[in-house]
Amino acid sequence: MSRLSDVFSRCKSEHRAALVSYLTAGDPDIKTSETLLNTLAEQSDILEIGMPFSDPMADGPVIQAASERALAAGTHIQDVFRLTTQVRQQHPDLGIILMGYANIPFVLGFENFAKQAVEAGADAVLLVDIPPEEGHICDAIFQQYGLDRILLLSPTSTEERIQLVCKHASGFIYYVSLNGITGADMGEMTTIQQQVSNIRVHTDLPVCVGFGVKTAKQAQEVGTFSDGVVVGSHFVSTIPQHIADSEIMNQALKQASLSIKEALLA
Amino acid sequence: MSTDFTYDLTIHHAPDEGGHFLANGTLFGGCFAAETLMQPLKEIETAFFEAWVDDEFQAERISLLKHYAGRATPLYHAQRLSKAAGGAQIYLKREDLNHTGAHKLNNTIGQALLARRMGKKKVIAETGAGQHGVATATVAALFDMQCDIYMGREDMRRQAPNVFRMKLLGANVIPVDSGTATLKDAVNEALRVWVANCEDTFYIFGTAAGPHPFPIMVRQFHTVIGQEARAQCLEQAGKLPDVAVACVGGGSNAIGLLHPLQDDDIRLVAVEAAGYGLETKEHAAALCKGKAGIIHGSLSYLLENDEGQVQPTHSISAGLDYPGVGPELAAMMESGRLEVDSATDDEALAAFQILTKVEGIIPALESSHAIAAGMRIAARMKPEQIVLINLSGRGDKDLGTVMEKLAINAEGEAT
Ligand SMILES: Cc1ncc(COP(=O)(O)O)c(C=O)c1O
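Just so you know, the sequences run in chain order A and B.
Using the working numbering, you'd call the opening residue of the first sequence number 1 and step up by one each time.
Using the working numbering, you'd call the opening residue of the second sequence number 1 and step up by one each time.
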């Protein structure tokens, strides 16, 4: 059993959806990022640690800016692994996903990347621009290292694609609730619910829903029909809002994550 | 050559089903796109391959190429330029005389017809030099489609006349400030907008790069260049060229010229922008200096650091100022079929002036890179040999940049 499936069983026994949170590693700088990641990990069941990239094509302005801040602060892939190690040491049961774009692990070498990711304590990898069709460049290696490969589904995914993705995914299915980039506004709740149940016809994997979840109310609603609620831009936006004071920033992130978590517990 | 030219509509050297080009066991291209775009890309792929074998589609496309764009474009034996180079005979493929002043329209006519066939009412595009933006805005006007063009703010400054042309044609030009505010960032932004609007919007991609099916589709729409040039050269010179030369931004004019020549005994040369010099970091020479990487949906050569972060590029020409390159050119280089060369800003600027002075043809700064390298190559060859250079566009859009570089004042005098 992978750590991710333990996480989902635990949440299931508590009759609630998992909180899947996102922050970009190294944002706004490496030291502050360590504090913020650990703060967010407190309330989260699964933490997505973003690997900053120069060209985040699938991200909206909030996460684009996060990548730019992290890179400007001198964040290297080794810092991402170090931050992951530090979070793992403090949170042995947390699910950890390294998230980002194909070119970072591709240039490092998928084998080298997988080895270091596992050593750092990551459970899974989510690469936005490697659909199942291109999985031939990494799937065997990730499997060999025991890393789950999270794949996305979206409103444009046809029945045929849903089957293909479900066949290749492990860990969970990440349903992108809208045709758009991270941080956009959420789609219609009943439509999302319908699509999640449609996905469940094809898989026993947990289904998490993300992109656009910003309020406790949305999180709670999504939590009633999904196995996990992904919150990214909403958490990331606390960083630029309090850029001058990292203590207040940390408090704001704590409050934001507490309020979403409470909604999931309700 | 007149408008009675017959094009070869067979698809030669197709990639595999997933859009991969293989060379010596190395794989290029593919479809490295976010899930939301996978289905829209599949739909374009299906529509393209269906349209390609549909006589009606081809008849309309070719009719527009002939009567609207003005094809075939001439092949011109540039005798005074040949003399200036001092070696082989230089022939120029005059894509600058294509409607809108560059090769770009060959592609936008094809994609706009496809968009209309797919029932899309709205088109978007990225642009660097503004030539693809103008070519897209032009077909959008012709087909009465709504048109949004994404352009880096730095490029809007460099190519101001083209910004105005696009606006006159009825397009919205949307400045992109993210990253380096140039072509790659405009692609990022157009991809983001397309993800959110793929139901009713067609993304007219401007070069032979990006996710499958764009590289093969854009190539097919541009092979008219090489097919015409091959026949014209045979007709005028009685033989094929010895060398064919084209500049490379993403690779559309190069693949368009070179692809139909690859099965002949002709040296094929791709010329990249060397900016301030290949020994500096300030260039845009992905084939000469890049490493394998994945950007904008395809695996190819890329200018990037050791950790896969894309590096800022520099070129005097906005249309070559791009860190990546189309996957098919990368595969052709890998297999040894394609030679790569480069020209610096200064060399391009010098070629710009020479061609203007000795032939009365003002080339685009992009094309000036091909002229510079082509003259260098010709100089090492015999007078009975032929160098074919793709003159991909005209230089009116670049007059501001050239004036700035040469420090020319409003009276046309050096300051
Ligand atoms: C005249 C001209 N030539 C060449 C290029 C480079 O593009 P590509 O490599 O796709 O031909 C451009 C791009 O804007 C252009 O305007």
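Among these hints, one or two may not hold up.
Lysine-lysine pairs mimicking DSSO-like chemistry, simulated, CA-CA at most 27 Å apart [claimed, not checked]: (1) B/Lys-405 <-> B/Lys-281; (2) B/Lys-281 <-> A/Lys-167; (3) A/Lys-31 <-> A/Lys-217; (4) B/Lys-291 <-> A/Lys-115; (5) A/Lys-12 <-> A/Lys-115; (6) A/Lys-214 <-> A/Lys-12.
Because the hints were derived from the structure by calculation, they are not lab data.
On a predicted model such as this, the values are computed, not experimentally measured, just so you know.
Taking the hints in turn, this is what the structure says about them:
{"no.": "1", "hint": "B/Lys-405 <-> B/Lys-281", "in the structure": "holds (20 Å)"}
{"no.": "2", "hint": "B/Lys-281 <-> A/Lys-167", "in the structure": "violated (44 Å)"}
{"no.": "3", "hint": "A/Lys-31 <-> A/Lys-217", "in the structure": "violated (32 Å)"}
{"no.": "4", "hint": "B/Lys-291 <-> A/Lys-115", "in the structure": "holds (22 Å)"}
{"no.": "5", "hint": "A/Lys-12 <-> A/Lys-115", "in the structure": "violated (31 Å)"}
{"no.": "6", "hint": "A/Lys-214 <-> A/Lys-12", "in the structure": "holds (23 Å)"}
Checked against the numbered hints given earlier, the structure breaks hints 2, 3, 5 and satisfies all the rest.
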